[in-house]
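> First to last, the protein sequences are chains P and Z.
Counting from 51, one number per residue, gives the positions in the first sequence under the numbering used here.
Counting from 103, one number per residue, gives the positions in the second sequence under the numbering used here.
Hints are computed from structural coordinates only; laboratory data are not their basis.
Glycine included, each C-beta is placed from N, C-alpha and C at the ideal position.
Don't take every hint at face value.
To be verified - To give a feel for the contact side, a few chain P residues facing chain Z, derived at Cβ under 8 Å: (1) Glu138; (2) Pro156; (3) His244; (4) Arg247; (5) Gly251; (6) Pro261; (7) Ala262; (8) Pro264; (9) Thr269; (10) Gln271; (11) Gly272.
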Amino acid sequence: MSDSKGTILIVEDEAQIRKFLRISLEAHSYRVCEARLGQDGLELCASEKPDLVILDLGLPDMDGQQFIQRLREWSSVPIVVLSVRAMETEKIAALDAGANDYVTKPFGIGELMARIRVVLRSSEGAMSAATVFEAQGLRVDFSHREVSVDGTPVRLSKKEYELLRMLVRFPGQVLTHQQILREVWDAGRQNETHYLRVLVGQLRHKLGDDPARPRFIVTVQGVGYRLALPAQR
Amino acid sequence: MQRTRDIRNPLIPAVGATRAYAGAVGVVIATVGLAFVVDRLMPHASLSLLFLTGVLIVATRTGLGPSLLASVLSFLAFNFFFTSPYYTFEVTDEGDVATLVFFLLMAAISGNLAARMHREMAERHLSLQRISNLYEFSRRMSSAAGTEEVLDALADYLAQALNSGVEVLIVNDRGLPESRARAGQAMSAPQPDIEAAWSEEFRGPFALGACHFLKLVTSRQRMAMVVIHTDSMDAEQVRLARSLCDQATIALDRTQLVADLEQARLVSETEQLRSALLSSVSHDLRTPLASIIGSTSSVLEYGDSFSEENRKTLLETVLGEAQRLDRHIQNLLDMTRLGQGSLQLRRDWVDLNDIIASTADRMRDTLDDLSLDIDVAPEMPLLWVHGVLIEQALVNLLDNAIRFSPPGGRILIAARHCNDRVEIDLCDEGPGIPDSEREKIFDMFYTARDGDRGSLQGSGLGLAICRGMIVAHGGSITAHDGRNGRGTCMRIVLPVIRPGEGDTA
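Take the sequences, apply the hints, and build the full model.
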């Protein structure tokens, strides 16, 4: 399997879901290994060293959060979580525990593939540590702290730049309110989401982003924000 | 629930006998005083008339005893002060003896008369009081809304009328009597006595231990039992107790009937709702499933002979129908949560722009050839709401608007801020909703008759959910005329509040 795009571990107790995931992922030239239980999943993580883990939050033997915490003790392998709808708190908890992104069940395969690509790309990106980010006319120069939209320079305040840099560092990946608040402000402001709402509004305004049809910053209702990528649409 | 009440008995006049005798002595003393004055002005013989008047006054005011006392005292005083030899009790004149006899006779007759009059007056007063009490009691019985009220009133009136402690027990679920109401100085009767009395066929009243027992038996069952804490009851009291209990029995029968009817109404409403839910579930879950099963089996069986385009169309149908199924299940779940009152608001600061954007985003694929305009006024305040729920409400509204829009129609979402509230309008160019149905559409399982595009008929849950979610936020949702007289505008009004304000859920 020299042309494999990488190994993906599926931890999911539903055989039907594992089946269609395996077929689709293998068709996209990923190598796939499966685990029905969380414990097996953790062991496979150690033995197979996957490049990405798809984790169902409702496992029969252990809590999804528990799985993430135990995996994160020794591994930084990207995790995409599968969760049932109407469980925002569960999603947020998983993201805060160290999951990289989530897909809500029921989901289309296209959506999952997009998430997988985004997460794999940004985990590679984190390693290469590029000095310039460029997508859809948005250009962020990290070394000079310069931002421009469609070639026009944009002046950002310190916090606005921090927020943008965070979103750009994990392009396409959802960041929870808590993660952003912790990073851009400090630990004491973790529940003051209205600061964040206002800051996002200001940043959108400066980037010329239409909140009704955002070009750059997408709101994930009840969870957080992500940077829009063309691949998502 | 048990109640104890202090009862003052209005039926027995509380005039002390000592006071009556003291009054008699007082009247005699006053008569003596008056007689000394009159003695100077009038002939001696008429003095006895003065004393007689005094005796009569005492007799009419009190009874036989005090009037006899007054007559003896009057005679002695008359004899002592006004007959010769003065200041002795000796009687020399025969006329004076006659006076004494007259005094005693007068006193006995008038005292008797007065006493009888008093007794009759007291009786009349008592029966009047009783009648008005009975009237008041039957008024309370007929107006009593529930069993509790009937039992409380019964205990109160019995305790008042019989001047003793009363306890009322009512049959519980296990068919045993259970203490419910008390009045007067009522302690609990011993349990064995209660049980023995309860199993007794006789309705009562009958005595057992230190109590009298009476049972309330309706046409259907032994309902309740009254325990009267008294050793003896006279015929009048028995009659009274029985009549009070009979009235209470009728009232109990009535309240029971009302409760049964209410229960029956509730059951039938629940039944209706359940059958509506069942038919909605079976219809709305089966319709997409029929398309899914049909399309997939077609592809599986004959897929090889289909053109690539047809295969794709069928598979797209499967996907679309599955998504519809998912939305319907979500609606059912939401409805259940709203219905159980277990919907928890997790309020947070939310930008209305974000909510509208993600609403539009979620429904973009269903828009087809419809155009969606969004017009949010600038300077919109952040909302302190549970964003996901508001989004769901908007999605349901937009889903309806899309369903009822004519091909190529326009849908508008407009939001503005006025004072302490935010108004969100969602307008379509569909057939509109007649005035008479504008409130009904928010009822569960109500679906508009006209204007739907055939199979796109909904479950009738969407708007009910919408209203539930908006009302949980202290807002309102109403249907209005569309713009330029076409279609419908659904208007959501949300109060602009800060954390800690108006949070009820």
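> Are any of the numbered hints broken by this structure? If so, which, sorted upward?
The structure breaks none of the hints.
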